[in-house]
Every structure is written in structure tokens, then in C-alpha cells.
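**Student:** Residues per chain, in single letters:
Number of protein chains: 2
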Amino acid sequence: MRLSDIETPALVLDRVRMDRNIERLRTHLSSLGVALRPHVKTHKSVDVARRIGAPGTPITVSTLKEAEYFFEHGWTDMLYAVGIVPTKLPHIERLVRQGARITIVLDNAESATSADAYCRDHALQLPVLIEIDTDGHRSGVKPEDPALIDVAAALTGTEDRGAWLAGVMTHAGASYGCRSIAAIEAMAEQERAGAVRAAQRLREAGHAAPVVSVGSTPTAHFAKSLDGVTEVRAGVYVFFDLVMNGIEVCDTSDIALSVLCTVIGHQKEKGWLITDGGWMAMSRDRGTASQPVDQGYGLVCDVEGALLPYLVMVDANQEHGIIRHRTDPAATPMLPVGTLLRILPNHACATAAQHGAYNVVADGSQVDATWPRISGW
Amino acid sequence: MRLSDIETPALVLDRVRMDRNIERLRTHLSSLGVALRPHVKTHKSVDVARRIGAPGTPITVSTLKEAEYFFEHGWTDMLYAVGIVPTKLPHIERLVRQGARITIVLDNAESATSADAYCRDHALQLPVLIEIDTDGHRSGVKPEDPALIDVAAALTGTEDRGAWLAGVMTHAGASYGCRSIAAIEAMAEQERAGAVRAAQRLREAGHAAPVVSVGSTPTAHFAKSLDGVTEVRAGVYVFFDLVMNGIEVCDTSDIALSVLCTVIGHQKEKGWLITDGGWMAMSRDRGTASQPVDQGYGLVCDVEGALLPYLVMVDANQEHGIIRHRTDPAATPMLPVGTLLRILPNHACATAAQHGAYNVVADGSQVDATWPRISGW
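Chains V and C, in that order, are what the protein sequence lines are.
For the first sequence, counting from 1, position 183 maps to 183 in the numbering used here; every step adds exactly one.
For the second sequence, counting from 1, position 151 maps to 151 in the numbering used here; every step adds exactly one.
Simulated from the structure, these hints should not be mistaken for lab results.
Hints may be right or wrong, so weigh each one.
What the hints assert, rightly or not - Examples of chain V residues toward chain C, derived with CB under 10 Å:
(1) I6
(2) K41
(3) E159
(4) D276
(5) R284
(6) C349
Just so it is clear, the structure is predicted and the values come from calculations on it, not from any experiment.
Built from N, CA and C at the ideal position, the CB exists for glycine as well.
One chain only, chain V, in its complex shape:
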């Protein structure tokens, strides 16, 4: 099958680029002597996960649906990286009883107390990481916050039983807003130092806290030292996208994900190509809008994946895309109706989530496989 045999819009995954991206981070982290716990939230596909590591290797999940799905396919060691609430513990317990090892995350004494009580009442063993706020962008306890010790104290389990303090985790999501490699390097060090400092404080208070888990795609690639860190998490690095390109983490030629669409008409006066790939196919993510170069809804490639210079998907309706020359609409080539195009996305996690499967190409436009992916909660 070729891409020209597929009904558009459809998601395309370039396996050669993906494998190269996977290898790049693996090599970097090996050189720093730290393990990778890849985040499957970007791809939500066991076929993609198998390119990274065999079933059984550690992963990070963002939903319990992901935990279910990967567990069914042989992955057992999972970090559920969203702050836990008591109502989700029965679901986690079911998975643990079946043989999964799920580490939970929390950042406050209320959640710690309720998780602790649940584990005691149900004779359940659960490793817990305290989320540390190293960049101010979201959740977490600050490394020097006195509350850190209170949260830890609410966890009364040991490594054999109950909810026990396995360590700390942090995610320097603010790295997505960095504007230079130097800034990303500094953010990586801030992320590392904050997490290590929090673990040190816990250890000084008598907790073993063996795990120090850090990561975001930008910081994972540009960390110069990961001293004291035991594992790194990253997700989007597998596919990369225009947001990562905009902060110089990757080149456009590294972006493994694209959306195949078809030219369905023109507005010649405006220099518009109209396609059948709208925001439903791309997602509404406009992550490059706040970057120095706004890429609209995406950059435009031909069906073989070669970038068409100056063409940008400038607007989107639900099932319609509008493409034109970035600066000179009169220079937009009026590609004929039926022309296939591939759009590079702003944000791989968001775009992939709009689709039920990957059409996998190894090179050019020959489709080698169709890999399903999951969605929902």
C-alpha cells in the first residue's frame, strides 16, 4: 500500500526518523549513565514502545487507560505521573493485583494520608514519588519547602507493604518556553539540582527515597550532568514536532509525524490551497504561536515528506485546512485538486491524539504497517 491509497486525512509516521530520534536520546543518556523511563503519553502505541524497549522495561503513563493497555501487552513497571486522588486507587489496585508495579505521584499531605490509609486498609503495596516543583510551571512541592517533610511523614509504609516513599519526581515543563540551548542547559541543571536537593532533604529526615526521576524532552537532551538522578522521563522526543524545532531541540528533518491531506480546492485571489485536513486532524494546538516563528497549524511537505519551502497551514476549520505562502500569497503554487500533502505538527502529543492509528512509512510514501493507538481514560 502507498500513501496515495489511503483516505485522507490520516496520520503518517516515518519509522526511520523515529528510530533515529530514539537512538539519539538513548545514546545521550547512556553517556550520562542514567536510565530512561520513556513517557508513552505521546504515542500510546505498543508498536512504538517496542522500538524503544522490550515489554517489561520501565515506562511512564499519563492515564490509567494507558496503564491497562501497556500492562496487557507485557509492560509491568509503570510510573503514573499525574497526582493521585483516592477515587483512582481501586483501579490501580486491580492492576497491581494482576501483577503490575505502579508507582504513584502526589504533592500534598491530604493525598499522602488518603493513599496511606487506602493501602493499609487494602493490604496494598504502592511506591510513591513526591512531585517536586523545580520550575514553577505546574504541580509540586518546592525543594526547600518545609511541607516536603510533612508529605513524606504521612506515608507510613515500607518497601514491603503499604504506601511507601520511593523518592521524588519532577518535570521541568518550563523548558518548552526556553529560547536558547544555553537556557535549556540551565533549566536541565535547575531540574536536576532541585530534585536531588529534595531527595537529600528526605534522606536527612530518615527516608531512603532511592528514586530521583526527572525529565522533559528539552532538558533530557541537553542535560550535561545527571548526578544524583536515577531515571529520566521524556515523551515527545520519539516523534519531535515544530515546538521542539522552534527551541532548537530538533531539526524539521527529524520530525517523524505528519498528517496526510488532499488539496480539495483553491481561493486563487487569496493564494489559498484548501485541504481536507483541518483542526480535527491536526488538533487545535498552536504551540508555535508564542515562539519567534509562528508555524500556524504546521509546515507543509509533499507526499514523500520533503518540505515545501514557504508553505504554511495558516488556518483551520474542523475538516478544512488553509495553506498559503508564508509572506507572499501570490507566490503560493496552485497545486491541483487531488494533490497529497503532509503537514508537520506543532505538537506531536496533541496531533497523534486526534487519530486512531499510525500509517508507518520507512522511506517516502510506501506504507509498511498500520499501528493502532489508544485514546481516552
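Mind docking chain C on chain V? Use the hints.
**Tutor:** For chain C alone, coordinates are given in the frame of chain V:
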């Protein structure tokens, strides 16, 4: 089952509000003597569609997946409202051979010629509407464009066979950018007049062109006259959303769709509530960002659906939402971990698309039914 029994995030549909919205547009269009051809792209649910009309009543679809799904459930008369390309005609033919009546849309002579040839070669009968550009926002031929007659001339079928010119359609999507009811009224008249004028030109050129199809949710509600129009299309009116509220088409108390999420933590210094409802649950749609009042990722209600004044979902990560007081972070109530909230979305079509089912409440937080919905192409 109650909403408190559901794992969050989850999509909630208030059936009482939805039924009221459905009745509102039905009454308005009845008073103008025009038929409704509801757009199912917003809900993609046969259960929702049945609240609007019995299987067999006319509908509009945005994908052939929707056409398949609704046809399987008894709907036969469908307008596929995205410009056709030849590669989709075999799929349409399969549905027509099974008994569907699918009207296709195009706006250029290339597409008309290829559809005409396909229908002749395959002895297929397909009604065709020419898309008219009445507002400059997307596809279509302008009502006075000489090309209109050329497109029509490329369709050589008759009502009994081949690709035949059934009429015109237009969608005044620019109405979403109106800033007053008066502006919407004017846009509705512009939409009506443009479509009727195009049909008139086709009739003067010897084509019957019996169908004049117009519509967008704003113009459908505020059209004062629909003289010459034979059917109105609208989709988002069933649920409404904050974008529609922002242009005064509905009140927040009319919004039937919300996303249930749970408070998982706080950043007290910043006045933040952190929830497990991020952009994956809300979509990345920030449609109110360009309106006078930016509603962030949504307005916040309690679990019963009552609006919590001043609270806005100001930011989102993939599976994390950040809520705070609109103007005074120190005034954000520090709702306890575990508190259930419901977020009203910017754009119902985009938010619903992130979920696999509706949790239907008739009043408050009692769940009466779970209605599946489809996605993809």
C-alpha cells in the same frame, strides 16, 4: 450511578439543556418555514441525533466515517459537506449502493469534471451542491463569479443518473467572528442573499438547482428571513459553548457540555487549583482568546453544574488543568483535593472529540445513560 462514581476526566452532557437548545432552533426555523439538516459533526452520536429527529431525517456529515455510522443506524439522507476529491468517490459509491442518498459538495470545475466522469463510468447517481463563498472565510465560488456557470456545466447528469446539479450550499463561518447580534443578523442576510443569488444565476443558465442550503449556528438563530432557502445546517447549537456565549448566541446556562475533573493539588502561593482535566480532556481550542472576554480553557462549575463565579481554567498541560480566580489569585477558594468540578468548554465540537462517550445527566449529578460517540475518518 452518580458523577462521583466516574473516573475523571470525563465528558458530561446535560440532557435538559440540550433538549432546550434543540427545541429553540426548531421553533425558530419552523417560524421561518425552513427545514433543518442538522450537522452531526459536533456530537457524532446517534443517541444525540435521535433527540433531534428520527433516523431517516436529513443530516449533514463532515466525514465519511460519520456517513457510515449514521447510515448503519438508519439515517439515509446525508450531505457530505467537505469538498469532494476523486479518491473518496469509491467509498461514497459503496454507501450509495447499500441505499444511502449522499449529496456531495465541490467548488471547482476540476472536481466537477472528475465527479461527473466517475459517476458516468460507474453508472452512479449523485446529487451535487456547488459551494458558494458568501463570507470569504474558506471555500466556495463567489455568487457573481463567472466560474460558477463553468462548474455547473461540468456536471452532465440528470436527477435520474450521473452527477447532477442539485443546487448550492454555503456556510457563513465568519459569523463566529461577529461582535453583536446586529452583526450576526447582517451576516445571516448576507449568507442567505449570496446563496439565493448563486442559485438564481444557475437557474438563469438553465439548471434546476432546487436546493439552497445555508447555515452556521449563529446565523441559523438570528436569520430574520430565509426566503429562497430550502434548508439550514447547524451543529454546535445542540450543546452550545463559550465561543457562542461570547458572541451572545447563548447564555452560559444553555451550555449542555462540560468536562468533569478532580482537584489533585494546589499551589497556594499562586492561588492555583490543579486538576486532572488538562488539554487532552478539554482540547487545545482557545476560541475565546480572540473574543472580548478570554475564558482560558473554560469556566468552572461545581459537580451539579452551577457556575462558580470568577473561576477560570487558565492553563493546561496534557493531563493537568490549572484553575484560579480570574482577577485575584489570592481569592481562589482552596477547594480540597478530591473536589469534583465541571468545566464549560470553549468549543463543543473540539472538546467532545477528545472523548469516547457522553455521561448523560438530566439534572444535577445523577448519570442516566452513557452514550458512545465516534471519532476518526
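**Student:** Can you list which hints this structure breaks, lowest number first?
**Tutor:** Hint 3 alone not satisfied by this model.
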